[in-house]
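Protein chains in written order, with the numbering used here: chain Y, -1 to 447; chain S, 13 to 314.
Please note: incorrect hints may appear among the correct ones.
Think about it this way: if two alpha-carbon atoms lie no more than 25 Å apart in a straight line, the pair counts; the simulated PhoX-like pairs of lysine-lysine are [said to hold, decoys possible]:
#, chain 1, residue 1, chain 2, residue 2
1, Y, 44, S, 73
2, Y, 143, S, 295
3, Y, 274, S, 209
4, S, 217, Y, 47
5, Y, 23, Y, 155
6, S, 73, Y, 274
7, S, 111, Y, 274
8, Y, 44, S, 295
9, S, 67, Y, 33
10, Y, 23, S, 67
11, S, 209, Y, 330
12, Y, 33, S, 73
13, S, 67, Y, 47
14, Y, 274, Y, 330
Computed, partial: chain Y to chain S, Cβ under 7 Å [as the list claims (entries may be wrong)]:
#, residue
15, 37
16, 75
17, 77
18, 147
19, 227
If you're looking for bench data, these hints aren't it; they were derived computationally from the structure. Glycine included, each C-beta is placed from N, C-alpha and C at the ideal position.
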Amino acid sequence: MFSNLADKLQNTLKQLRGKGKLSEKDVDTAMRQIKLALLEADVNFKVVKDFIASIRERAVGEEVMSSLTPGQQVVKIVNEEMTRLMGEKQSGLAYADKGPTAVMVVGLQGSGKTTTVVKLAAHLRRAGKNPLVVAADIYRPGAVKQLEVLSESIGEKCYSNEEADPVDICREGLELAGRDNYDPVIFDTAGRLHIDEDMMSEIAAIKKAVKPHEVLLVVDAMTGQDAVNAAASFNETVGLSGVILTKLDGDTRGGAALSVRAVTGCPVKFIGVGEKMEALEPFYPDRMASRILGMGDVLSLIEKAEASVDRDKAREMEQKLRKQQFTLDDFKEQLGQLRSMGSLEDIMNMIPGAGSIPKEVKQMSLNEDHFSRVEAIIGSMTKKEKQDPSILNSSRRRRIALGSGTKVQDVNRLLNQFGQMQKMFRQMGTLDKKGALKKLKKGKKGFPF
Amino acid sequence: MSLVNQFKNGLARSKTGFIGRLGKLFSSGEVNDEFYEELEEILISGDVGVETTLKLVGELKEDAKNLKYQEREQVKSLLLEKLTNLLTSGREEPVASEKPHVILLVGVNGSGKTTSAAKLANLYRTAGKNVLLVAGDTFRAAAIEQLEIWSERAGVELIKQQPGSDPSALFFDAMNSARARDIDVVIGDTAGRLHNKFNLMEELKKVYRVVGRCLEGAPHQVLLVVDATTGQNAVSQARSFNEALPVSGLILTKLDGTARGGIVISIGDSLGIPVRYIGTGEKMEDLAPFDPALFARALLET
């Protein structure tokens, strides 16, 4: 029912956009859709309530009603409020003026602390620092070993002492850093439930002992409504300075980010986006806002494409797209390139308006067999056919099916998908004409529909 | 401690939140829109999900109207029944016709697979079964050591290979070894994987195929381990894992926190996958069989 909430939301906002005059009812409908989208993305319901209230207040206020394009104005407000809620701009780590910077990493069990600690060390190394990681999780079997193995794998120093208690371990780690010029020191604490009083007083004690410059809460991006309870408790006990959101390489919308930010007021500083040790990135609030609402993330898409697509080929492709001369040959090549960028579905989700792409197109990338079949089918076409698929009558289609070892239905399906894709690219082309893509690139983010 | 008590204890903490509030809501007063709206909020804030909540409450409204219910208490019983029904779907426990009974634990990273594997091994060992644990997470650093320590604590046998080795090969060995050692129950841990990672899901399918080739009908159970703090993404996890290999049930972990695990209701509703066990703590004994009626009652009890 709400699997395509993003669609509905986009449609709602699209409808608003077209209106010269907004009734109370129009606003109500839009607000309900936004509310549902946020809840579906796991944003805490109290946060949603406040959020909707503040948008509604602005939406029925002077600012909108006196505007010539009230719908557009509402859309702008939603985006502004969303970005404001996420924290306006990207925020990095705070470093100590003198001596080693102490960074404490805390969180619930299984949120990804140990992996994140090592990723953070790798990040700091890239930034020219000489980090030390300290293994303070003496409870979970194998946790110390895990940290040792991981830090060794990237050549970083890990301090551990399985005889001592966590507070002493951290103190010793800090001393070692002062002596051997490690800076910053990252403390990997044990996962704990926020309602476990003994364990919570332990991190309070660690904090007292090492006086950290950063206390970072690691939050699984897939966390649901409970994220606020955990975050609020940790914040009360140790006073957080920031949040690291993990497992964002999944298909979660990551509403936990909004919730946690809203209850703690702490910025999300980094996001974990993969199993590799380099997969830790700075966090961009505006991009996350788009992801949560299912509105696409054009900036990340562009960056991803720039990282993995041949620049000249991309320019050539852009020309073709612009002139709408996208052929089956290009399609085949694109599939290959897309494969190197990750799942097509992920990529599609970054495209604004992608909610309206038929499911079949989105899903077709998920199956490797399907890829080779597509390649075989396109490979069995003549040059002319590839240039102009409209000449493909039934006898040609039969021949292609025979030639590629597939069925006529497969050929038909592919042609269908291709047609839909062309349509989609045409949509993007129109967007571009309106300058929406360019505007986005410049960072003046508007809703591109 | 009886399983029932253990189960109740696990839920006790969440009672002060979710269930306590439901109790208060249901206590008295007339059945009106405000009541249903509050009810929606409580279900949603328990991670039941918008879709399932609206559906449940919609049906509840309709039924209550048809039955001419005026009292909140009556509507409470009705909701209790609905929740129990949803949680009871597809409950037959698959059993192996010949030894060993093979259980595979799968799930996303950090959901609690390794700990659950150990707890489950302990549960079967306590029931007098001969258990073999398979350290199938060959990817995560020190995951093998983690299970090794657990297996010693539980006093069950463990089969392992070098870190980074092919899990399918390990499971092939494990199956043969299980038969040679006259093992009753094989419990396989696997590496955590996000359900949208194509290659990792293919790897899991291969493990499943290899186990099936070693023993017809195996694995008899594929249990998806779901962290109770997970939100709507758990439905997507369940759907994807279930598409890769037939998931026969869930283990709902970390129910000792304040999260209410309402997402299992959505999973039951959309996919018909039942919860088999709940994890309620860090100790070896903190795993209990799931009782739908009790769970539903505990949700609504005052």
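Problem set entry | Hint check, failures only | 4, 5, 6, 7, 8, 14, 16 and 17
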